[in-house]
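2 protein chains.
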Amino acid sequence: LDYQHVQVPFEITLWIMLASLAKIGFHLYNKLPSVVPESCLLIFVGLIMGGIIYGLNDKSPPVMDSDIFFLYLLPPIVLDAGYFMPSRPFFENIGTILLYAVVGTIWNVFGIGFSLYGICQVKAFRLQDVSLLHNLLFGSLIAAVDPVAVLAVFEEIHVNEKLHILVFGESLLNDAVTVVLYKLFRSFCEMSTIKSVDVFAGVGKFFVVGLGGVLVGLTFGMTAAFTTRFTKDIRVIEPLFVFLYSYLSYLTAEMFHLSGIVAIIACAMGMKRYVEANISLKSHTTVKYFMKMWSSVSDTLIFIFLGVSTIGENHEWNWPYICFTVIFCLIWRALGVLVLTFFVNRFHVNTITSKDQFIIAYGGLRGAICFSLVFLLPDFHRKKLFIAATTVVILFTVFVQGMTIRPLVDLLAVKRKRESAPTVGEQIHIRFLDHLLAGIEDISGHWGQYYWKDKLEYFNSKYLQKILLREYDQPKSSIVLLYEKLERKHALELAEAGQLGHGPSHPSLLNNDRTVVTDKKLEDTLSPDVLENIQEILARNLYRIRRTGPAYSRHTLPGETEPVEHAKEILILRHKSL
Amino acid sequence: LDYQHVQVPFEITLWIMLASLAKIGFHLYNKLPSVVPESCLLIFVGLIMGGIIYGLNDKSPPVMDSDIFFLYLLPPIVLDAGYFMPSRPFFENIGTILLYAVVGTIWNVFGIGFSLYGICQVKAFRLQDVSLLHNLLFGSLIAAVDPVAVLAVFEEIHVNEKLHILVFGESLLNDAVTVVLYKLFRSFCEMSTIKSVDVFAGVGKFFVVGLGGVLVGLTFGMTAAFTTRFTKDIRVIEPLFVFLYSYLSYLTAEMFHLSGIVAIIACAMGMKRYVEANISLKSHTTVKYFMKMWSSVSDTLIFIFLGVSTIGENHEWNWPYICFTVIFCLIWRALGVLVLTFFVNRFHVNTITSKDQFIIAYGGLRGAICFSLVFLLPDFHRKKLFIAATTVVILFTVFVQGMTIRPLVDLLAVKRKRESAPTVGEQIHIRFLDHLLAGIEDISGHWGQYYWKDKLEYFNSKYLQKILLREYDQPKSSIVLLYEKLERKHALELAEAGQLGHGPSHPSLLNNDRTVVTDKKLEDTLSPDVLENIQEILARNLYRIRRTGPAYSRHTLPGETEPVEHAKEILILRHKSL
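Protein chains in written order, with my numbering: chain R, 1 to 578; chain D, 1 to 578.
Since the hints were derived computationally from the structure, they do not count as laboratory data.
Be aware that a few hints might be false.
Since the list gives no way to pick one copy over another, a pair counts as held whenever it fits inside one copy or between any two copies.
Derived DSS-like pairs: lysine-lysine, alpha-carbon spacing no greater than 30 Å straight-line [claimed, not checked]:
#	residue 1	residue 2
1	Lys-232	Lys-489
2	Lys-232	Lys-272
3	Lys-355	Lys-232
4	Lys-232	Lys-417
5	Lys-31	Lys-466
6	Lys-232	Lys-31
7	Lys-485	Lys-232
8	Lys-232	Lys-462
9	Lys-462	Lys-485
10	Lys-31	Lys-123
11	Lys-232	Lys-59
12	Lys-466	Lys-162
13	Lys-272	Lys-489
14	Lys-417	Lys-183
15	Lys-272	Lys-453
16	Lys-485	Lys-453
17	Lys-59	Lys-489
18	Lys-466	Lys-453
19	Lys-466	Lys-195
Whole structure, please, built from the sequences with the hints as guidance.
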């Protein structure tokens with residue numbers, strides 16, 4: 001037996017296998033996932049496994065390595081999030097999201113840091129040796145909402161799109177702020193004196209870290225799009241480039257101390273439309289499938305590891321500090337959301353309701369990022385207390401908030417994701433209004449989102465498409481692409497229903513050049529009775545297609561599920577045939 | 001700049017990126033790959049890169065690590081080979097393949113080992129310090145034909161299926177023999193005295209290593225098939241299991257010193273039909289696509305690394321030893337093939353022609369496996385000579401033999417892969433004869449391949465399918481599955497040609513229960529003129545489909561390409577409609 005030789009890949013494979021089997025296990029019992037979020041179940045599995053390891057070895061089970069988390073587990077999830085990000089609601093609310101992500105996070109960091117410092121001054125709690133800087137450092141790591149935890153919970157509760165993108169967007173973009181504040185306070189902890197220059201440099205760093213991340217991401221995204229122009233003869237490695245370039249953007253950003261999360265999101269959002277147009281249909285299926293698969297496995301592993309790492313002797317228990325951390329996290333987030341939303345609502349017509357505000361505040365889940373950051377802290381005598389407090393906050397938010405948010409959403413009757421699809425009429429109106437508003441903004445000299453969107457679209461069709469797309473001389477509008485996609489789906493459905501293949505379809509008989517049958521003639525040969533029947537079948541079949549849209553689930557690819565597209569299909573087909 | 005932190009994943013990603021870009025580069029110029037095999041070009045790229053690294057650093061570039069090769073690069077290629085292995089020709093020729101793989105390899109090892117020892121006795125060559133055991137050890141690593149090199153060359157020359165499977169099957173199955181002989185001689189080198197017991201134990205090990213590998217592989221394969229029974233609600237992680245289980249089978253076999261290559265092939269071949277039936281269509285596309293992608297990247301990396309590792313100061317040059325190694329490799333292989341084929345032909349009706357024998361002998365390419373094994377040798381003073389000889393043999397076989405084999409195949413007019421598809425009549429006859437021969441073998445008491453195939457099929461449908469398939473109560477015959485697949489393809493083609501979607505197809509109008517139009521009535525309403533036209537269109541359309549089959553290429557998935565299936569489609573459709 002030569003275990004050592006294969007140890008590394010063998011153990012990695014076994015962990016992934018365990019995670020996958022755990023996932024299968026939960027889904028075997030359909031009732032379980034509908035009550036308890038998967039993340040809770042996975043942490044629970046992790047706790048049990050950690051307990052077993054602890055019981056057998058009598059020493060703390062291995063803690064999730066921060067490097068493994070940041071270099072291997074986090075990128076697939078963020079890539080998935082960025083690639084499937086609904087870009088319209090994201091850009092429509094970018095201002096609000098940035099406000100929450102930047103100002104909100106800073107508010108939370110300082111709020112939690114200062115009030116915990118206040119608690120430390122109470123002599124009875126025996127915490128006087130925790131300095132203000134350490135409290136702020138702790139605040140900087142505990143304040144950030146975690147995208148992995150938010151995604152895991154919000155994908156199951158189906159709130160309306162705007163609410164979802166506000167919480168989720170914030171959790172992604174606050175990474176830049178967290179990185180800067182965390183590193184700033186950590187370096188302050190190690191310095192003997194802090195000059196005011198350092199503080200100003202810290203403020204400047206925000207922009208460098210965030211915008212630098214965007215720049216790195218876009219550069220790699222454009223390169224990826226450009227590369228896929230040349231893969232026509234070698235389709236089989238196309239999917240690779242999507243993964244390689246986005247991973248490189250993450251690593252490069254991390255290398256330069258920029259925000260890797262922001263970089264990979266910019267990369268994914270930037271390359272998506274060009275790559276999709278360049279690569280083959282099968283490659284695209286593979287890309288989407290693998291992205292979902294990888295992120296799903298990463299996410300499972302993270303929660304299991306979180307559970308495993310909780311068990312052990314890393315903790316220093318101090319009731320007041322830990323309890324007040326949980327309380328302050330809740331209070332400061334609630335206050336922050338209230339104050340920021342007050343300002344947001346003053347400048348927006350489409351305001352954020354108080355119910356939405358409650359869900360935004362309540363959905364501020366903490367997760368594995370805090371956990372990894374707390375282990376990366378420099379060694380000092382109260383590190384174990386911080387670890388304990390972080391663990392409790394994570395478990396509290398994931399278990400208590402994660403499990404109660406669904407009933408609360410039901411109770412408050414928060415506006416859900418609309419079930420019915422927007423009609424073609426609505427779609428056309430939205431497009432029309434976009435153009436109109438862009439024009440109004442242009443005339444009024446107010447450079448708002450519509451103005452920029454219009455300019456970007458112009459730049460894209462004038463320059464970017466020509467460079468990045470293989471078949472740039474035939475730019476297809478999104479509606480044509482959608483139509484093609486729906487045609488393919490329809491064809492597959494017909495094939496599976498056995499209604500195809502015994503001859504060319506009816507219209508091809510009509511339109512074929514070689515046939516002598518003209519439309520006129522066929523209409524003559526078919527009796528009105530027959531024509532009526534054809535129309536009836538048409539209507540029924542189309543209706544059938546509309547009904548087959550399954551409910552949204554995390555574990556299916558979006559293309560398969562959105563009922564929006566089914567309705568679109570019907571209307572487009574009808575439109576075409578008219 | 002914090003390079004160290006991201007170094008490992010960054011460099012791995014960059015290497016893969018380099019490999020992918022190199023692949024794209026070659027395919028940009030269509031003429032290049034048709035003259036020079038890709039493997040040669042990649043080694044060439046590697047040589048240049050190695051030269052650059054050597055020139056810049058003035059020290060040898062890093063050598064491909066044997067662990068990386070055996071644990072990470074080899075498994076994807078072997079998995080791909082096993083999963084897409086055409087099982088019928090493989091099992092039809094299993095006896096011949098095993099004879100070449102086992103007896104042929106032993107013949108080569110001892111032939112090369114002893115004759116090189118003979119060369120070492122010539123005083124003028126100054127090689128007297130190389131012992132017989134060392135020569136045999138060297139023989140054991142240089143004798144084995146390499147599956148990666150064989151695959152790379154043979155996939156481009158399109159020889160007939162039997163010839164291909166003979167060379168390729170041998171290259172895969174000789175792994176068991178190579179492992180045993182290599183480890184045996186290596187342990188003999190370290191022992192002071194060799195007992196005859198050890199030699200007999202070595203012979204017994206053949207069976208343990210080979211059959212053990214098969215057993216491990218089949219166990220994991222069946223478990224994989226069983227697992228995919230339960231993935232219905234969580235389709236997105238289905239593809240993962242195919243990869244995880246086959247990799248585990250490889251690692252487990254390696255852990256127990258069994259043949260990992262044999263294990264992974266048994267696993268892939270065993271699970272294939274059950275997994276395919278259980279998983280969704282999209283998952284299956286993803287599995288196939290990723291397998292091809294991974295193996296293609298691994299293969300590229302291996303050849304590039306081979307080139308890079310060649311440059312440097314690892315070599316001890318000795319003209320006679322190196323030249324005679326090349327010559328003996330050629331002679332002993334040629335002799336071995338001649339002698340073994342003589343025996344094979346005596347027992348077979350369908351003999352191997354002398355042209356085929358020449359190609360079998362000439363196609364015995366060496367590759368990265370030899371290269372990795374020679375670096376794993378225990379340190380002794382002539383190791384560098386062995387490294388030099390191995391490198392020369394690999395470069396000679398890949399460049400000289402690899403580049404000349406295509407012209408030779410043309411020159412000798414070796415029977416090619418048949419371009420036209422077997423007709424349905426042929427297919428039915430083959431099936432019929434299989435059953436007939438199984439019956440004859442049963443009656444005559446001769447337990448040949450047909451008997452065993454029949455028994456296996458019975459066991460499969462009686463027990464295995466019920467355990468491993470999700471929908472075992474509806475066993476679909478392969479022809480029905482094929483039909484469904486073709487229907488889907490046809491539907492997609494129609495959709496892309498824009499001939500679909502404006503209504504249900506013509507036959508559905510005829511067969512729909514709800515319509516009052518009966519066949520009779522419609523036939524009345526349509527004039528004979530129209531009907532004739534419909535038939536003409538039918539014939540033309542079907543013919544069009546037949547013509548669209550592209551040529552076979554390494555970089556496409558087989559499902560897309562085999563013209564066999566197109567012809568089948570036409571005939572099945574016609575059959576159905578009649």
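Hints versus structure:
1. Taking CA atoms no more than 30 Å apart as the test, Lys-232 paired with Lys-489 passes in both settings, with 24 Å inside one copy and 20 Å between copies.
2. When the C-alpha separation of Lys-232 and Lys-272 is checked against a cutoff of 30 Å, the pair qualifies both within a copy, at 17 Å, and between copies, at 29 Å.
3. Neither within a single protomer nor between protomers do Lys-355 and Lys-232 lie at most 30 Å apart by alpha-carbon distance, with minima of 51 Å and 37 Å respectively.
4. For a Cα distance limit of 30 Å, the shortest separation of Lys-232 from Lys-417 across copies, 26 Å, qualifies, whereas the shortest one inside one copy, 39 Å, does not.
5. Taking identical chains as interchangeable, the C-alpha atoms of Lys-31 and Lys-466 lie at most 30 Å apart only when they sit on different chains, with a minimum of 27 Å there against 51 Å within one chain.
6. Taking the closest pair of Cα atoms, Lys-232 and Lys-31 come within 30 Å of each other only across two copies (16 Å); inside a single copy the shortest separation is 46 Å, beyond that limit.
7. In this assembly of identical chains, Lys-485 and Lys-232 lie within 30 Å of each other by CA distance both inside one copy and across copies; the values are 20 Å within and 24 Å between.
8. Proximity of Lys-232 and Lys-462 under a CA criterion of 30 Å is satisfied intra-copy only: 23 Å inside one chain copy versus 46 Å between copies.
9. Taking the shortest alpha-carbon separations for Lys-462 and Lys-485, only the intra-copy value of 25 Å comes in at or below 30 Å, while the best inter-copy value is 41 Å.
10. In the homo-oligomer, the alpha carbons of Lys-31 and Lys-123 never lie at most 30 Å apart, since the shortest distance is 49 Å inside one protomer and 82 Å across protomers.
11. Taking CA atoms no more than 30 Å apart as the test, Lys-232 paired with Lys-59 passes in neither setting, with 55 Å inside one copy and 39 Å between copies.
12. Proximity of Lys-466 and Lys-162 under a CA criterion of 30 Å is satisfied in neither setting, with 33 Å inside one chain copy and 48 Å between copies.
13. For the identical chains of this complex, Lys-272 and Lys-489 are neighbours both inside a copy (21 Å) and across copies (26 Å), given an alpha-carbon limit of 30 Å.
14. For a Cα distance limit of 30 Å, the shortest separation of Lys-417 from Lys-183 qualifies neither inside one copy, at 38 Å, nor across copies, at 64 Å.
15. Only within a single protomer do Lys-272 and Lys-453 lie at most 30 Å apart by alpha-carbon distance; the minimum there is 17 Å, versus 49 Å between protomers.
16. Only within a single protomer do Lys-485 and Lys-453 lie at most 30 Å apart by alpha-carbon distance; the minimum there is 26 Å, versus 43 Å between protomers.
17. Within a single copy, Lys-59 and Lys-489 get their C-alpha atoms no closer than 55 Å, and across copies no closer than 58 Å, so neither meets the 30 Å cut-off.
18. Proximity of Lys-466 and Lys-453 under a CA criterion of 30 Å is satisfied intra-copy only: 19 Å inside one chain copy versus 57 Å between copies.
19. In this assembly of identical chains, Lys-466 and Lys-195 lie within 30 Å of each other by CA distance neither inside one copy nor across copies; the values are 51 Å within and 74 Å between.
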